[in-house]
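Chemist: Note that the protein sequences, when read in sequence, are chains X and D. Anchor point for the first sequence: position 62 equals 62 in my numbering, and the numbering is continuous, going up by one each time. Position in the second sequence (from 1) plus 266 gives the number in my numbering.
You may find that some hints are simply not true.
List time: in silico EDC-like cross-link candidates among lysine to aspartate or glutamate, alpha-carbon distance up to 16 Å [said to hold, decoys possible]: (1) X/212 - X/12; (2) X/240 - D/484; (3) D/476 - X/242; (4) D/366 - X/215; (5) X/225 - D/473.
Derived by calculation from the structure, the hints in this document are not laboratory data.
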Amino acid sequence: MTDDLIWDVKKDRVLRELKKGKRLDGREKKEEREIEITPNYIDRAEGSAMVKLGDTRVVAGVKIGTGTPYPDSPEEGTLMTSIELSPVSSPGFETGPPREKTVELSRVIDRGIRESEMVDMEELCIEPGEKVYNVFIDIFPLDHDGNLIDASAIAAVNALKNTKLPVYDKEEEKLNREEHAGPLPTQDTPVAKTFSKLGDEVVLDPQIDEEKAQDARLTIYVNKKDNVCASQKGGTGAFKREEINKLIEEAVEKAPETRKKIEENS
Amino acid sequence: MAKKTKKLMKKGKRLDGRKPDEIRPIKIKAGYTKRADGSAYLEWGGNKVAASVHGPRTCYPQHERSPYKARIKYKYKLAPFSVDERTHPAPSRRDKEISKVSAEALEEVVFTQYFPETTIDIYTTILQAAAGTRVAALSAASVALADAGIPMKDLVTACAAGKIEGKVVLDLDQDEDQMGQADLPIAYIPHSDEITLMQMDGDLTTEEYKEALDLAVDGCMQVYEEQKNALKDKYKHLEEDNTGKNTEEDKK
Chain X
1 MTDDLIWDVK
11 KDRVLRELKK
21 GKRLDGREKK
31 EEREIEITPN
41 YIDRAEGSAM
51 VKLGDTRVVA
61 GVKIGTGTPY
71 PDSPEEGTLM
81 TSIELSPVSS
91 PGFETGPPRE
101 KTVELSRVID
111 RGIRESEMVD
121 MEELCIEPGE
131 KVYNVFIDIF
141 PLDHDGNLID
151 ASAIAAVNAL
161 KNTKLPVYDK
171 EEEKLNREEH
181 AGPLPTQDTP
191 VAKTFSKLGD
201 EVVLDPQIDE
211 EKAQDARLTI
221 YVNKKDNVCA
231 SQKGGTGAFK
241 REEINKLIEE
251 AVEKAPETRK
261 KIEENS
Chain D
267 MAKKTKKLMK
277 KGKRLDGRKP
287 DEIRPIKIKA
297 GYTKRADGSA
307 YLEWGGNKVA
317 ASVHGPRTCY
327 PQHERSPYKA
337 RIKYKYKLAP
347 FSVDERTHPA
357 PSRRDKEISK
367 VSAEALEEVV
377 FTQYFPETTI
387 DIYTTILQAA
397 AGTRVAALSA
407 ASVALADAGI
417 PMKDLVTACA
427 AGKIEGKVVL
437 DLDQDEDQMG
447 QADLPIAYIP
457 HSDEITLMQM
467 DGDLTTEEYK
477 EALDLAVDGC
487 MQVYEEQKNA
497 LKDKYKHLEE
507 DNTGKNTEED
517 KK
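Pulled out of the complex, with its shape left as it was, chain X reads as follows:
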């Protein structure tokens, strides 16, 4: 409750400054915070990355397992993205089973990876209808200073790019994590761009004070063809069509720079 009151007070300030064209941390409205990527951050994961987006910090780890394929895609591996919003990263998070907010975050990050067809799922088939690789992406924020979606997407995509596929030992019927069958086959580098709408103003890459004050949020996932491969509006506010069209163009314009950064660091 006290927490909420503080955000209310901060909200006034965020909005007041934005009206004057300023953000609290001095950024331009469509300026992003600096991105720092540390690939292969976790030795025991098959792929991993630690990403800093300003003061927001996120670790993503990829673990590979094996299992039976889904009945409707017997020759494809599976992919699953989860995020855990632990109190480690923010006093606003609670322990316990994932809530709607957590599920939404996981699914938005997942959607861009899946819909860009970044991971070649057919290459993950071991025995059609019987055995396929399962790719688990687990995301763990360490410090939540706003825009977990974009930071998590960078971390997840970078981690997938440095993932090594363990050899499946058909006789032992298990993975041999000592030996690698090669890198995880990837064919795209999707990039998420998230905008916050506060009153009539829209900012890119919201910092936590802005995120807490926002009316609505829009995430645009861009693939390497400069097309939109996923999008999601969140929050109780609304967007005008012209706003959406403009933000899509801005996301498409900004994405290549981030993509380059992810690829250079993987």
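Place chain D on chain X using the hints.
Modeler: Same frame as chain X, now just chain D:
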């Protein structure tokens, strides 16, 4: 999206004979469940949806209460028998995500500040699913809210556009959804021309995205007419009763 292939368009028409900018037949009934404060039943293409509204009523658990406004809670649920492979009765990750964005899509129009400390509970169940279930559920929910007499700025209306065989079309059906290249469901407030739900997956150029968004809004306006008609239909008999009574009295 899925990789199965089948010809989806012939001579500029879709397999079910629709034009690219046509929605599937839609039928809405306001006031479907006696025990609910407000309710609606909707059939849209092969979709069958029941929506009920309870409230405003005291909000539980207590920590979810707001001293400033009513909480809007929304549950989207696929009935286990609504699809080919039975779904588990517990809410899936997909159900939870759709529930969250749908609640947010409705909040903009409801005068929540009139009902502090309460919750407005909206329950939607997909009895039969045939693509576009989230927009069907949301369109029904909006009618159920109005049927419950909850003060609103406008009805929220919802529809999806998508891409099949490289062409942007309105309101994908089951086959088109499975074999299509993109899906863009939205919710829309006609009176303020604003979008309150938007999700998208697939592959769209910026131009196609714009086109799909405009088309989806056109679809929403078609659904909007059906929603209004459903509400008017419910009260039609009252109007008739009243005129009957008045003329009787006039004669005296």
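Chemist: Please verify whether residue 212 of chain X and residue 12 of chain X have alpha carbons no more than 16 Å apart.
Modeler: 11 Å, holds
Chemist: Are the Cα atoms of residue 366 of chain D and residue 215 of chain X separated by 16 Å or less?
Modeler: 15 Å, holds
Chemist: Against the 16 Å threshold, does the CA-CA distance of residue 476 of chain D and residue 242 of chain X hold or violate the hint?
Modeler: Holds - the C-alpha atoms of residue 242 of chain X and residue 476 of chain D are around 9 Å apart, at most 16 Å.
Chemist: Measure nothing beyond the straight line between the CA atoms of residue 225 of chain X and residue 473 of chain D; if it is 16 Å or shorter, mark the hint as holding.
Modeler: 13 Å, holds
Chemist: Holds or violated: residue 240 of chain X with residue 484 of chain D, Cα cutoff 16 Å?
Modeler: 15 Å, holds
Checked against the numbered hints above, the structure violates none of them.
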